[in-house]
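One-letter residues, chain by chain:
Number of protein chains: 6
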Amino acid sequence: MTDNMAAIARATVGDLAEIIPVTATRGFPYIASRAEAQIAGGIVLEMIAEHASTVDAVVIAAFGDPSLKGARDLFDLPIVGMAEAAVMTAALLGESFAVVTFSPLMTRWYDECVQATGLGNRFKGVLTPDITPARLTDVQTDLGADIITMATTAATRHHADVIILGGAPLAGLAPKIASQVPAIVIDPIAAAVLQAMTLVRMTAHAATPLRVNKPAAKTSIGLAAPLAMAIHHGGAAS
Amino acid sequence: MTDNMAAIARATVGDLAEIIPVTATRGFPYIASRAEAQIAGGIVLEMIAEHASTVDAVVIAAFGDPSLKGARDLFDLPIVGMAEAAVMTAALLGESFAVVTFSPLMTRWYDECVQATGLGNRFKGVLTPDITPARLTDVQTDLGADIITMATTAATRHHADVIILGGAPLAGLAPKIASQVPAIVIDPIAAAVLQAMTLVRMTAHAATPLRVNKPAAKTSIGLAAPLAMAIHHGGAAS
Amino acid sequence: MTDNMAAIARATVGDLAEIIPVTATRGFPYIASRAEAQIAGGIVLEMIAEHASTVDAVVIAAFGDPSLKGARDLFDLPIVGMAEAAVMTAALLGESFAVVTFSPLMTRWYDECVQATGLGNRFKGVLTPDITPARLTDVQTDLGADIITMATTAATRHHADVIILGGAPLAGLAPKIASQVPAIVIDPIAAAVLQAMTLVRMTAHAATPLRVNKPAAKTSIGLAAPLAMAIHHGGAAS
Amino acid sequence: MTDNMAAIARATVGDLAEIIPVTATRGFPYIASRAEAQIAGGIVLEMIAEHASTVDAVVIAAFGDPSLKGARDLFDLPIVGMAEAAVMTAALLGESFAVVTFSPLMTRWYDECVQATGLGNRFKGVLTPDITPARLTDVQTDLGADIITMATTAATRHHADVIILGGAPLAGLAPKIASQVPAIVIDPIAAAVLQAMTLVRMTAHAATPLRVNKPAAKTSIGLAAPLAMAIHHGGAAS
Amino acid sequence: MTDNMAAIARATVGDLAEIIPVTATRGFPYIASRAEAQIAGGIVLEMIAEHASTVDAVVIAAFGDPSLKGARDLFDLPIVGMAEAAVMTAALLGESFAVVTFSPLMTRWYDECVQATGLGNRFKGVLTPDITPARLTDVQTDLGADIITMATTAATRHHADVIILGGAPLAGLAPKIASQVPAIVIDPIAAAVLQAMTLVRMTAHAATPLRVNKPAAKTSIGLAAPLAMAIHHGGAAS
Amino acid sequence: MTDNMAAIARATVGDLAEIIPVTATRGFPYIASRAEAQIAGGIVLEMIAEHASTVDAVVIAAFGDPSLKGARDLFDLPIVGMAEAAVMTAALLGESFAVVTFSPLMTRWYDECVQATGLGNRFKGVLTPDITPARLTDVQTDLGADIITMATTAATRHHADVIILGGAPLAGLAPKIASQVPAIVIDPIAAAVLQAMTLVRMTAHAATPLRVNKPAAKTSIGLAAPLAMAIHHGGAAS
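If you read the sequences in order, they're chains A, B, C, D, E and F.
Each residue of the first sequence is one higher than the one before, counting from 1 in full-length UniProt numbering.
Each residue of the second sequence is one higher than the one before, counting from 1 in full-length UniProt numbering.
Each residue of the third sequence is one higher than the one before, counting from 1 in full-length UniProt numbering.
Each residue of the fourth sequence is one higher than the one before, counting from 1 in full-length UniProt numbering.
Each residue of the fifth sequence is one higher than the one before, counting from 1 in full-length UniProt numbering.
Each residue of the sixth sequence is one higher than the one before, counting from 1 in full-length UniProt numbering.
By construction, these hints were calculated from the structure, which means they are not laboratory data.
A portion of the hints provided could be inaccurate.
[To be verified] FRET-style restraints, in silico, Cβ to Cβ:
#1 225/D x 156/B: 21 to 31 Å
#2 149/D x 221/A: 55 to 65 Å
#3 115/C x 144/E: 47 to 57 Å
#4 135/F x 15/E: 50 to 60 Å
#5 51/C x 14/B: 20 to 30 Å
[To be verified] For the chain E half of the interface with chain F, some residues (derived, Cβ under 8 Å), not all of them:
#6 69
#7 223
#8 226
[Stated by the list, open to error] What the simulated footprint calls covered on chain B by chain C, stretch by stretch (three residues with Cβ under 8 Å from a Cβ of chain C suffice, anywhere in the stretch; the number is not a length):
#9 59-65
#10 209-220
Where is the CB? At the ideal position from N, CA and C, for every residue including glycine.
Isolated chain A, as found in the complex:
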């Protein structure tokens, strides 16, 4: 999954940016609830802490944006969430947008993710097939026609101007089906890396730290060293 996403990201940015994929060494293959996002979020912060000094921006490559807001509080570089990037990009392309995904099990979580961006007022809902596919690896092949049908329904019946294809199993599908959907179709990973490049440009002259609204420096116990140091604002972690 990481490989596929990295390939999409590289195809998107070309030679304008270098993509450094990082995979969590613990946790889950993908995120589908607040509980999982809570756990994954702590791991995400550890991973960012480890790499923050050597990259220009971070893309959290899970649709639910685990730890997105917390990461922005802690680290002085642009942090991009796939869901939020897809939503804001969609909002720049049309008045309203919907999410199409591969399983009804994702509906609640994806709805929460969109509401968390603050743009729920322009959101037309999550559309999914009635049942979860047996194998996620073949989703694009098996569900391709269904995805086009659902995206078309979102456009014609729900008045969505833009369709976000949500979830890692659909990564890379958007450009393949775009011409068959009567609305703009967005690949979140592509949206995220493009927005990351834009945000690096927008913060090129910013002061460090990027904001005054940071948590006070704190001593912690038992956290991974780089994260503890970030929480301690760069001082020695206890």
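Based on these hints, arrange chains B, C, D, E and F on the given structure of chain A.
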């Protein structure tokens, strides 16, 4: 801090319930931002996973309710957040409520915590002193008069019917100053344990699991064993 | 109806509190609209005025909470509405909740009651059978299976974590069907009396009056004497 | 107060309509809280029930619109609330509006009344003098200059396009000061009677009853006979 | 279309006001999108600028209210939009309202128009036939029974107390079908002219300009002379 | 002003895109109200119609985004509004944002522009100096220190994570002062052109037309030929 909170909880429930205090072995003394809540939340889930089978309900004894919603997804017993319990209790006592706390550094975080409950429309804001006290241990003595003044201002100027005293350093202060404030004053830890007892009663006949809206069972890597097992819905964790 | 509710209340509180049932001597058997709530509300205020000095808290035992907010303005003890208590309790047990009731005629009124709590953003709607049952006294027997089906639909299709059984004809049904519903089922009268006990505890040290935000003392004409006196803040009523 | 309002109403409608003033024989001189509105509302319904068959429309001449929504449920003629009429008229004259009134004691109640209309998103707040005038009868003389100053502040600082003069003591003041305020100034009683005439026109061809969304017919106990009959949908009241 | 609307307006106001119909000499026959409203709005401003000094109020006789808010900024007389007038009038007649119109193509635009009034919280949606009629001129004859059916559905199923018949092709239909619909039916052009008369009364004593919140006077290039002058606040246009 | 904006745009995009500046031949130098936006919007549509076939995307280079939504309805290429692009970019960089601008006369209009994006819930308001500068051309020099002070206040007191410098007179100032502000400072023109490039990428494989939700093709009278043709969906304009 844990001892003080446990004492308040015990004084509140008397012999109607047993209080089992559990302290995190890693993390921070208190939580003041989304980043800290994100990290603490994962630890909270680990702690709940360890004790869920031996208690009737859980109170997450930090005002920001780290992992509250995630914990409800995973575990089949009542999970109470201090901030949410204080807010819902306040809403049952008056039309509007405010939070009074000890430091301006908490304003943003506490405001976010209240908004997360969905009752922001009845919320009159966070009132704090202009500067953070030098020593948190003496806050109740040093700031007592200020707290009364701020609570009175919240009532008279901001039309708050109920005042929530937010933050562990103020735990236990509410009953001491209540008679000097022209509004109802709430101690969140007391509200939380009382609500926990009520929720145990309300779920006495419920089916297990408590809800159908749970994340699908998942295999994980590298998590603490009890948490991994909870995520795997009781099956063997990988 | 009063007897049944009192029995449920007594079974809920055990020997922790005394339940004193009071029935209106004029008005309607139950409330299903704003007009009826308006009329009943005035009668409720009269009844509270008569008993306020001899009880610790008041439960307004009609799902629409007639005069709840007005009563809080006037009287210096906790006033609990059945609908509001059920809603706030539900919000402490899950992210979202729905109301299941016995007649489509109640849909609009119950929806208004929930919106009035300010928690409409976590509300998944009212589910009812298509037609009103012929006899309200046998609702629990006649509709039992339907209620379970509707509650299950609310959980699975509408993603409600908690189901409130609304309306006096369903009082006492919740514990009987709870184990057959894949969500938490709440009896509003039980929620209300438990919350009343909590609120008495939370206001044990409060100043009198409980709030500064009270209407100015007023002379009135033609009202029942105890209510006139309450409006006159305890002075002699004209 | 009734005489003054009737005079303003008559001056407003000229010979296009007959004004029939009706005064409550019990209750309060004016309304300043939900408790008072609750009580007054029941009395208002009794009064409307008594006169509904002999008038074309009803204006509830108290700024808080007691029983407005309940009355619409019960009676098949236009029911106009002074506050709601002023708000909707203001919304037709400008993007935003504010309320200026004579006493800080009214702030909370008037704010609630405006929010109840659903147009709180265009509302810029209630402006009042710092203290309540000693004598309400001389408010227009004593506070005239202050009212102009507050209305001007509402326009220039709060960006209100329209100013509603709230409360019976200010009735009739609007046309006298309008030319000195850099915004449109509205007298609620004038707005209410003009809207009543419009609503009579708009319902001239309507079916009876005016709506299908009425409470079911109900038997009641102890209510004034005409109100009981209205609740029983014109059948004999018990 | 202008003739029909003028006839309805004249029948509504009788001899209380003179109706002066003005038709745009460029643009579209009717408006169904933001793009069209944007273009029409500029033309509307030109037309108002030409006639503002010789009329007492302006009704913008297109359901989408093109340039309504802009016109209020510029001109010192009441400006009434048909949609907004219908919405505010509906809100004075019932708790909730719906729009019934002749074509599914109007759904999105009419929904936006209602949301723009700020009263979307009382709105129950747009109901239309499934397909657009072939000829708009015969809509009232061809669709009459369908309109009644949809209005009845809006009342019974969607709980709308008031039905607005939207769109010029339905102008004048409301009084003809009103007695067959179990809710109040509103003709927007009638609502608009009646509101215009009310607003003239409400501003009879107002200062000129009507508000301080006007755009600063500006020099423009290439605009129609009367509009340029209005933008220049009555000074010579460049 | 056009030259300055074009220079900023070119410096932002480097050799990745060609900037083709187009200036309106009629209208106003800048936009500060809905009336002006209404007029300018029609002209904007004419200009886009003229150039749509020869560019990849359009930036409407006025902070109020005149005709943004209408243009998206009509034209099948990305349309970017400066205000909306700045807002969405700000939302990707922090939890909350504020606008700092050069004159109190812009407050109302800029507030409306932000609310129109749907992200008002993350907006902390418009900050301006107390009076409008005498000469707009020297604003950056004369007001530089004030802008830094206001941006700092927005960050520290209003908790804005990101500051948008609004209005053409401040174009290009952001990178010069960014290092002196404890928050991220955004230049809207830079944000807009970067977003335009991203949107071109995101729509590279899209179908034409970009959306099914377009107004029906219409015949018009008297419009500029290219605009009339766009409204007629590419057919011959009448």
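Status of each hint after checking the structure:
1. 225/D x 156/B: 21 to 31 Å: Since residue 225/D and residue 156/B have Cβ atoms about 45 Å apart, the given range 21 to 31 Å is violated.
2. 149/D x 221/A: 55 to 65 Å: holds, 59 Å
3. 115/C x 144/E: 47 to 57 Å: violated, 36 Å
4. 135/F x 15/E: 50 to 60 Å: holds, 56 Å
5. 51/C x 14/B: 20 to 30 Å: Given range 20 to 30 Å: holds, Cβ gap about 27 Å.
6. 69: holds, 5 Å
7. 223: With a closest approach of 6 Å, the residue 223/E hint holds.
8. 226: At about 13 Å, which exceeds the 8 Å cut-off, the nearest Cβ of chain F leaves the hint on residue 226/E violated.
9. 59-65: violated (count 0)
10. 209-220: With 5 residues closer than 8 Å to chain C, the region 209-220 of chain B meets the three-residue bar; holds.
Hint compliance for this structure: hints 1, 3, 8 and 9 are not met, and every other hint is.
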